[in-house]
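A.B. asks: Residue numbers (numbering that gives the first Met the number 0), protein chains in the order written: chain W, 0 to 354; chain F, 0 to 354.
In case anyone wonders, no lab produced these hints; they're calculated from the structure. Mixed in with the good hints, there may be bad ones.
Unchecked claim - Not everything, but these chain W residues come out facing chain F in the computed CB check (under 10 Å):
| no. | residue |
| --- | --- |
| 1 | Leu11 |
| 2 | Pro36 |
| 3 | Pro59 |
| 4 | Thr322 |
| 5 | Glu324 |
Unchecked claim - Straight-line Cα separation of at most 20 Å, SDA-like style, residue types lysine to any residue; simulated pairs:
| no. | chain 1 | residue 1 | chain 2 | residue 2 |
| --- | --- | --- | --- | --- |
| 6 | F | Lys297 | F | Arg262 |
| 7 | F | Lys297 | F | Arg130 |
| 8 | W | Lys311 | W | Gln339 |
| 9 | F | Lys311 | W | Leu55 |
| 10 | W | Lys311 | W | Leu349 |
| 11 | W | Lys311 | F | Leu55 |
What the hints assert, rightly or not - Not everything, but these chain W residues come out facing chain F in the computed CB check (under 7 Å):
| no. | residue |
| --- | --- |
| 12 | Pro13 |
| 13 | Pro20 |
| 14 | Gln21 |
| 15 | Asn22 |
| 16 | Leu55 |
| 17 | Asp58 |
| 18 | Glu226 |
| 19 | Ser237 |
| 20 | Asn244 |
Predicted model, so just to flag it, every value in this text is computed and none were measured. In this text, a Cβ means the ideal position worked out from N, Cα and C, and glycines have one as well.
There are 2 protein chains.
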Amino acid sequence: MSRFLSAETAALEPYTPGEQPQNLRYNKLNTNESPFPPSPRVLEALSREEIGRLNLYSDPACTALCAAIARHYGVEDRQVIAGNGSDEILSFAFRAFCGADRGAAFADITYGFYRVWARYYGLRARIVPLREDFSLRTEDYMGGNETVFLANPNAPTGMAAAPGEIRRLLEADRDRVVVVDEAYMDFGTGSCVPLLAEFDNLLVVRTFSKSRSLAGGRVGYALGGPELIAGLNRVKYSFNPYNVNRLSILAGTAAMEDEAYFRRCVDAVCANRSWTAARLKELGFTVLPSSANFVFVKSDAIPGGELYRRLKERGILVRHFDTPERIADFCRITIGSMEQMKELADTIELLLNGQ
Amino acid sequence: MSRFLSAETAALEPYTPGEQPQNLRYNKLNTNESPFPPSPRVLEALSREEIGRLNLYSDPACTALCAAIARHYGVEDRQVIAGNGSDEILSFAFRAFCGADRGAAFADITYGFYRVWARYYGLRARIVPLREDFSLRTEDYMGGNETVFLANPNAPTGMAAAPGEIRRLLEADRDRVVVVDEAYMDFGTGSCVPLLAEFDNLLVVRTFSKSRSLAGGRVGYALGGPELIAGLNRVKYSFNPYNVNRLSILAGTAAMEDEAYFRRCVDAVCANRSWTAARLKELGFTVLPSSANFVFVKSDAIPGGELYRRLKERGILVRHFDTPERIADFCRITIGSMEQMKELADTIELLLNGQ
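My request is simple: use the sequences and hints to build the entire structure.
C.D. replies: Given below as structure tokens:
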């Protein structure tokens, strides 16, 4: 390791994002992007005139964007913070609500970045195994004082927590923050947002990257009690106050206000998901019940790593995780357009037939 | 303080950015933005087609942008990293090159965020006073092992280090990283970029916010030896890999490639700076020698805080810092268009005449 690095930084284990090939043309089903372009209102909002104003700083408070989000969810503006993708907001939450006296607890199988952030901030991490069927049992989190990070629906399984599970955790210790990462919630049901009225220890993190077709705009946000939002702002203003650029503020605001377009995109993804799940089951796959814009699947006929490699050879990118071992047989496949899903299914069928 | 916050986060002292009024129309000379719109090539690059691709993630490696920057400076691509403004890059540098065994050293009068980051990362901070005339003496940094952070030209004074000062520091201890924050260097001379060929302990941090008219796009970058860049990438990939959005990557690339426009904007700012400095001197002001796109000025006739307030009442925003005490008499005034500077000077003249 370089002589210039601090010991703390030498000890990091950075995250590996999904492949983002810049030149080749893939049927790209590996990073859970929307197959649809952003709302036409986003194109209107990013006018020539606004691009011409890029010489001026963005609003560090993201006032207009936070107001649009607050209106959408029926919460107060001071219950919202925006960030450079939900990754930044989640990272701020690890910093704000964990420390030497309070570690972080999360599942063994969940968004892989939680582990990276725990290490980044030098935190004790309590890894809580999911049940054998990958479902969540919040009792397993009780007793500790760690701040809890739950992805719901979970990644990479796509499975949603049973109603009442998260509420029980929030009730069990009202001095303990529970962060619910709802990056994929628009494709399912059972959001914790209605619980915000009851629990000031709840933070719900969301993103424009999936259901709002703005992965490339990098906009995420969190909803929570004013105390939690103020805590996240302490971190933000100690790290990088101008964290969302002018055009992304405009794009996010416009996307949030176009409810009809949002609904159409989400409905199409959910329909394509049903089709894909049925088709893969016909082909002998196990398909976990998904509330997200991806499916997590395995086949007895072809190991996960091999499926990933053989699809990639044929121009289709999906995501495979080597660890933990009990998911190594699976692949995570983004739900794209019908055309994309048909190509995927047809290619898998050929592979299984030895072609 | 909230019961939810970690002790570490409760202890933070967040940065206060310059005012960014969203509704009122000010002659805004307080945050060192360019008075000129971004290059016409930026408008071309942010096409309808590209906006329509915002559903896809940005390239986490910012390959095209880093290549354009590398070409401009004649360095290798692996000597460049891009970030969400130079603030993010500077923050990564505090994390990567400082730790429990190695603090951070910086001037008593410099970019106020260095102090905030040192606290954010729990670092020992060695504050090194500038000379009485606000000039830098790098001997004062020698002997310690701290990573050194120097703004050159310095903020808020605008003064550039004497040639040879920074080289002496780089030579004195080649195991110690020196971070030179050249946010304003395009408006002066004496960049450390040519020293990169000689010193692998040098990191030069730059921004598109000032001379490239992209403050609202949030793009910064650093140039350094491959080891230092790899260290910053360890931090980036442990914090937020997709840190620059698609449109900002395109905007930065286009701005970097339009050398002629860049040159015209910088020349205009430098000409307006000469005019402004001369005019303020005529009005009895002390004007520090500026190599930046702002001037740091004081008048015996009106204290700094009062000048700030009275200009604001008249619709002109400048920046005043209460601390440290030896700069409390000054105001920092951004160099804008001639029209903006004339309004400023005329208004100050009226104020001094008691009107």
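A.B. asks: With reference to the structure, classify each hint as holding or not holding.
C.D. replies: Checked hints:
Look at Leu11(W): its Cβ gets to within about 5 Å of chain F, closer than 10 Å, so that hint holds up. Interface hint status for Pro36(W): upheld, as the beta-carbon distance to the closest one in chain F is roughly 4 Å, under 10 Å. Against a cut-off of 10 Å between C-beta atoms, the interface hint on Pro59(W) holds, since the closest Cβ of chain F lies about 5 Å away. The restraint placing Thr322(W) at the interface with chain F is violated, with a minimum CB-CB distance near 18 Å, outside the 10 Å limit.
At its closest, the beta carbon of Glu324(W) sits 24 Å from a beta carbon of chain F; the interface hint therefore is violated under the 10 Å criterion. Restraint check for Lys297(F) and Arg262(F): not satisfied, since their Cα atoms lie roughly 30 Å apart, outside the 20 Å limit. Only pairs whose Cα atoms come within 20 Å are accepted, and Lys297(F) paired with Arg130(F) is accepted, the gap being roughly 18 Å. The hinted pair formed by Lys311(W) and Gln339(W) meets the criterion: a straight-line CA distance of about 14 Å does not exceed 20 Å.
Annotation: proposed proximity of Lys311(F) to Leu55(W) holds, straight-line Cα distance about 19 Å (limit 20 Å). Between Lys311(W) and Leu349(W) the alpha-carbon distance is near 14 Å, which keeps this suggested pair within the 20 Å criterion. A hinted pair counts as satisfied when its Cα atoms are at most 20 Å apart, and Lys311(W) with Leu55(F) qualifies at roughly 18 Å. Given hint, Pro13(W) at the interface with chain F, holds; its Cβ is 3 Å from that chain's nearest Cβ, closer than 7 Å.
Interface hint status for Pro20(W): violated, as the beta-carbon distance to the closest one in chain F is roughly 9 Å, over 7 Å. Satisfaction of the interface hint for Gln21(W) is found here, the shortest Cβ-Cβ separation to chain F being roughly 6 Å, below the 7 Å cut-off. With a least beta-carbon distance of about 9 Å to chain F, the hint placing Asn22(W) at the interface is violated under the 7 Å criterion. Restraint check, Leu55(W) versus chain F: the minimum CB separation of about 5 Å is within 7 Å; hint holds.
For Asp58(W), the suggested interface contact is upheld, since its CB lies about 6 Å from the closest CB of chain F, less than 7 Å. Of the supplied interface hints, the one on Glu226(W) holds, with its beta-carbon coming within about 4 Å of a beta-carbon of chain F, less than 7 Å. The beta carbon of Ser237(W) comes within 4 Å of a beta carbon in chain F, closer than 7 Å, and the hint placing it at the interface holds. The interface hint given for Asn244(W) is met, as the beta carbon of that residue sits about 4 Å from the closest beta carbon of chain F, less than 7 Å.
The earlier numbered hints that this structure contradicts are 4, 5, 6, 13 and 15.
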